[in-house]
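Participant: Note that the protein sequences, when read in sequence, are chains A and B.
Throughout the first sequence, residue numbering follows my numbering, covering 7 to 117 in sequence.
Throughout the second sequence, residue numbering follows my numbering, covering 2 to 119 in sequence.
Please note that a few of the clues may not be correct.
What the hints assert, rightly or not - EDC-like, lysine to aspartate or glutamate: derived pairs with alpha carbons at most 16 angstroms apart:
#1 A/K43 with A/D33
#2 A/K74 with A/E45
#3 B/K42 with A/E45
#4 B/K21 with B/E107
#5 A/K43 with B/E107
#6 A/K43 with A/E8
What the hints assert, rightly or not - Between beta-carbon pairs, the in silico distance windows are:
#7 B/K42 with A/V60: 31 to 39 angstroms
#8 B/S55 with A/S34: 41 to 49 angstroms
#9 B/K42 with A/V26: 35 to 43 angstroms
#10 A/E11 with B/E60: 41 to 49 angstroms
#11 B/A3 with A/S58: 16 to 24 angstroms
#12 B/T58 with A/A35: 12 to 20 angstroms
Read the hints as simulated data drawn from the structure, not as lab findings.
Note that beta-carbon positions come from the ideal geometry of N, C-alpha and C, so glycine has one too.
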Amino acid sequence: GENVEQHPSTLSVQEGDSAVIKCTYSDSASNYFPWYKQELGKGPQLIIDIRSNVGEKKDQRIAVTLNKTAKHFSLHITETQPEDSAVYFCAASIYGQNFVFGPGTRLSVLP
Amino acid sequence: GAVVSQHPSRVICKSGTSVKIECRSLDFQATTMFWYRQFPKQSLMLMATSNEGSKATYEQGVEKDKFLINHASLTLSTLTVTSAHPEDSSFYICSARGPGQGANTEAFFGQGTRLTVV
Numbered sequence: 007g008e009n010v011e012q013h014p015s016t017l018s019v020q021e022g023d024s025a026v027i028k029c030t031y032s033d034s035a036s037n038y039f040p041w042y043k044q045e046l047g048k049g050p051q052l053i054i055d056i057r058s059n060v061g062e063k064k065d066q067r068i069a070v071t072l073n074k075t076a077k078h079f080s081l082h083i084t085e086t087q088p089e090d091s092a093v094y095f096c097a098a099s100i101y102g103q104n105f106v107f108g109p110g111t112r113l114s115v116l117p
Numbered sequence: 002g003a004v005v006s007q008h009p010s011r012v013i014c015k016s017g018t019s020v021k022i023e024c025r026s027l028d029f030q031a032t033t034m035f036w037y038r039q040f041p042k043q044s045l046m047l048m049a050t051s052n053e054g055s056k057a058t059y060e061q062g063v064e065k066d067k068f069l070i071n072h073a074s075l076t077l078s079t080l081t082v083t084s085a086h087p088e089d090s091s092f093y094i095c096s097a098r099g100p101g102q103g104a105n106t107e108a109f110f111g112q113g114t115r116l117t118v119v
């Protein structure tokens with residue numbers, strides 16, 4: 007089955023700096039890769055996603071890149087703000103079924 | 002994005018009793034709903050997948066008689082934790098996705114339910 011790894015497990019950055027979180031997956035059939043932000047005591051919130059027919063997607067300060075050959079995808083957050091502090095999860099899925107999540111990255115943006 | 006409402010957000014129950022958690026998709030029809038369990042500082046672990054009108058598919062190691070899932074309509078799925086024990090205390094989260102493949106693959110999450118069994 008699918009296995010998703012995520013690094014780093016914790017990440018601290020200064021406000022205004024960029025943050026990068028990387029994930030790898032094992033199943034080449036996976037074709038949908040969402041990223042979720044989870045704040046303490048709340049459910050995950052979809053922040054961006056990418057499908058296997060696209061190499062990069064951007065939404066304001068957030069971007070995601072996908073390398074299908076290497077089976078890895080990354081989340082990039084630019085101009086970080088304190089409210090970006092949360093736990094971020096990547097996931098891999100085949101057509102939206104059987105989501106497998108990474109272990110999460112705790113991002114702290116220091117003012 | 003689409004809205005998924007989960008209720009209650011917190012519940013405390015006595016050991017041996019049952020607790021029902023509701024998950025509703027408010028602005029779309031959810032043909033598939035997922036139930037997850039999350040322990041502190043850990044990732045989401047899929048418990049079961051439910052498709053409207055059919056029996057849920059449980060992940061290995063999840064007791065289907067203990068965690069009853071009903072997905073009777075396109076907007077509502079329920080998870081009932083039966084004969085709850087303290088080790089069932091956890092954060093339970095549902096997610097829902099609409100019909101079709103390809104374009105409609107997003108899954109949206111509820112707010113989660115913190116269950117404490119005393």
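Participant: Each hint should be assessed against the structure and marked as holding or not.
Facilitator: Verification of the hints:
{"no.": "1", "hint": "A/K43 with A/D33", "result": "violated (23 angstroms)"}
{"no.": "2", "hint": "A/K74 with A/E45", "result": "violated (29 angstroms)"}
{"no.": "3", "hint": "B/K42 with A/E45", "result": "holds (12 angstroms)"}
{"no.": "4", "hint": "B/K21 with B/E107", "result": "violated (26 angstroms)"}
{"no.": "5", "hint": "A/K43 with B/E107", "result": "holds (14 angstroms)"}
{"no.": "6", "hint": "A/K43 with A/E8", "result": "violated (21 angstroms)"}
{"no.": "7", "hint": "B/K42 with A/V60: 31 to 39 angstroms", "result": "holds (32 angstroms)"}
{"no.": "8", "hint": "B/S55 with A/S34: 41 to 49 angstroms", "result": "violated (29 angstroms)"}
{"no.": "9", "hint": "B/K42 with A/V26: 35 to 43 angstroms", "result": "violated (21 angstroms)"}
{"no.": "10", "hint": "A/E11 with B/E60: 41 to 49 angstroms", "result": "violated (20 angstroms)"}
{"no.": "11", "hint": "B/A3 with A/S58: 16 to 24 angstroms", "result": "holds (22 angstroms)"}
{"no.": "12", "hint": "B/T58 with A/A35: 12 to 20 angstroms", "result": "holds (18 angstroms)"}
Violated hints for the displayed structure, listed by number in ascending order: 1, 2, 4, 6, 8, 9 and 10.
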